[in-house]
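Here are the chains, one letter per residue:
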Amino acid sequence: MSASRSALTGTQVSSKQAGTFSPTFAVSGEGDRLTVDGVLNIHTLAEARDALRHWLKQRKTAHARRTLDLGNLSGLDTPGALLLCGLQDKGIELTGIRSEHKTLLDLVCGLERKPLPKTESVARWRQLIVQVGRGTDSAWHDALDIITFVGRAASAASHAMIHPETLRLSSISRQVTETGINALPIVGLLAVMISIVIGYQGVVQMRSYGGEDFTINLVAVSVLREMGVLITAIMVAGRSGSAFTAEIGVMKAREEIDALKVMGLEPMEMLVVPRLIALVITLPLLTFFSDIMGLLGGAVISQSLLHVAPLQYVDRVHQAIDSSDLFVGLIKAPVFAFFIAVIGCMHGLRVRGSAESVGRETTRAVVKAIFLVIVLDAFFSILFENLDL
Amino acid sequence: MNSKTRQHNEPILSARNIVNRFGKQEVHDRISLEVMPGEIMGIVGGSGSGKTVLLRTLTGLHRPNDGEVLLNGKPVGSIGQAERASLIGVLFQQGALFSSLSVAQNIMLPMREYTDLPVEEQERIAAMKLELAGLSPDSGVKFPSELSGGMVKRAALARALALDPRVLFLDEPTSDLDPVTASGIDALIAQLNRDLGITVIIVTHDLTTLFSVCHRLAVLIDRKITVATLDKLMRSGHPWIHEFLHGPRAHGAMSARRQSHGNG
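Just so you know, the sequences run in chain order A and B. For the first sequence, this note's numbering begins at 1 and goes up steadily by one. For the second sequence, this note's numbering begins at 1001 and goes up steadily by one.
No lab work stands behind these hints: they were computed from the structure. Just so you know, even glycine gets a beta-carbon here, dropped at the ideal spot from N, CA and C. Some hints could be false.
As a list, the in silico BS3-like pairs of lysine-lysine whose alpha-carbon atoms are at most 25 Å apart [claimed, not checked]:
id	chain 1	residue 1	chain 2	residue 2
1	A	Lys114	B	Lys1142
2	A	Lys102	A	Lys118
3	A	Lys114	A	Lys90
4	B	Lys1232	B	Lys1024
5	A	Lys118	A	Lys90
6	A	Lys118	B	Lys1142
To list a few chain A residues with every Cβ distance to chain B over 12 Å, as calculated [as the list claims (entries may be wrong)]:
id	residue
7	Leu45
8	Ile97
9	Leu128
10	Gln131
11	Arg152
12	Ala243
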């Protein structure tokens, strides 16, 4: 905005220099009779109002009728006419109106010229309280909505499981491609990067204790238990959760959802269940892929920082982890997937009317999905700790 | 305004040998068009004949592959932003009102950018523009999403009029509107043209608008353009023009024309 504004000012200055936008306005005469010269348009309006205000104040006690001669006025636009009509309302006679200005003046003076309604301004401290109240209220409604929608989605999904003939396999497979296969490169890259980050930090920190070799354990355990699934879930929430909201939201905005309902097709079954099932299938697979890539990243780090050969690295990883580490990570994936899909679809169906609403709901869906993923992950950590896994 | 100092027979807008193509598909093949000050020109053509592309070319939003557009005697591309804003106003098909701003703020935006007027003054002017466009100033505090279809068009028209442009481009001003509202818009266009002296260029399918408001028509057929008055076009031998102006839908519109001409 600021850039474009400065660009605009730039052109304005240059065109002013060129003389295009320097219309002049002048008032001459004395006492009750004034003559206007030049152009009265939106660019000279402020000037004109100042000049005339002075005159109006000066002659407040005059008994004689004040007149304003427009015979020399060479240009007039609607804001100018508005000013003149205001003067006319104050009892000033306009004389010498040129024929080309007559219709314009008649048009503008003929309007009711009501002001814009005033919007009530609320004090800042009250705004704050109102905002807190609204926020709490909408958070409460949000929570209710999520619970309701989770219930409906779960019921629809289980119905589809019991009656597999209602499953839309082609739709599911398309979603699997979209949310899973197309996400492989970015998820893989991210997993490698994360394990490199952990590896670097580990080596630097543990070197002071002489335990830099344990970096391998650190990378392997944290990638398998936490980082692999968390990074993948966040990526998928940003990538696919938002896509769900946008796709369904656009359909909602274009009345396609209503069209489905009129045809007796259930949007829940047509749109939500395939996405839900697809994501519950793909997120664990993506997580496994991300685990592998994370371990590969660990191999790169060990080779370059610790000079541990790949075969040795495999051996060390094997000693450091056991299968529960892998399953602790993987078991979380379908749960995350369920909530990401449910929140994405829920916000899509919440879209009202405009395209603007699609953008707003998409943002909300992503924020909420990532928030929920991290909260759930914290719960899982406590749970697994108590289960000694 | 400036128009008085200019020669009256000089076109305010002229397009010369415009060529537009997209890939291999040629939309316009060396078409020329001249619009006189104070004229209402209707642009018609079948779907996909390049009406909107022509409108975008004339307003300088689209650069043609060949040819030039002169606005007020200057190439449209070389006109500065501020000058262009006070020369042309465009009513887009969907209104294109900024959804994050209220209607009044929409109208005040160009004023805020291009003038130094105090806010109260801008509000006064915005209220007047709303009334000019046939809306109550009370709707100024509403947001575009709260407006009906006809109100969106009127609000967008009020915004297009914000800087008192010399030329007003209207893209399908009456589409999606009920006939009563559409007639109201037609009357408004005629009034703005008559009382403000604004040159109007309308892209439309609405035969009633064409018959009752436009002075001349530009018909886009087969990548070429035919410009003539309605009466001449009525006698044209071209099959599409004949079908367009003599088809079943044209009869009702024709009677509207007789009515409006009878009144005016």
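Hints, one by one, checked against the model:
1. For the hint linking lysine 114 of chain A to lysine 1142 of chain B, the alpha-carbon distance of about 16 Å falls within 25 Å, and the restraint holds.
2. Pair hint lysine 102 of chain A plus lysine 118 of chain A does not hold up; C-alpha atoms about 32 Å apart against a cutoff of 25 Å.
3. Among the hinted pairs, lysine 114 of chain A with lysine 90 of chain A is consistent with the structure: their alpha-carbon atoms are about 16 Å apart, no more than 25 Å.
4. Between the alpha carbons of lysine 1232 of chain B and lysine 1024 of chain B the distance comes to roughly 34 Å, so the proposed pair goes past 25 Å and is violated.
5. Among the hinted pairs, lysine 118 of chain A with lysine 90 of chain A is consistent with the structure: their alpha-carbon atoms are about 23 Å apart, no more than 25 Å.
6. Between lysine 118 of chain A and lysine 1142 of chain B the CA atoms are separated by roughly 12 Å; this keeps the pair inside 25 Å, and the hint holds.
7. Its closest Cβ contact with chain B, about 6 Å, brings leucine 45 of chain A to no more than 12 Å, contrary to its assignment away from the interface.
8. No Cβ of chain B approaches the Cβ of isoleucine 97 of chain A within 12 Å, the least distance being about 14 Å, so the stated non-interface status holds.
9. Every beta carbon of chain B lies more than 12 Å from that of leucine 128 of chain A, the smallest distance being close to 22 Å; the non-interface claim holds.
10. At the 12 Å boundary, the C-beta of glutamine 131 of chain A stays outside the reach of chain B, the nearest C-beta of that chain being 18 Å off.
11. Once the 12 Å rule is applied to beta carbons, arginine 152 of chain A is consistent with being away from chain B; the minimum gap is 28 Å.
12. Listed as a non-interface residue, alanine 243 of chain A keeps its Cβ farther than 12 Å from every Cβ of chain B; the least gap is roughly 23 Å.
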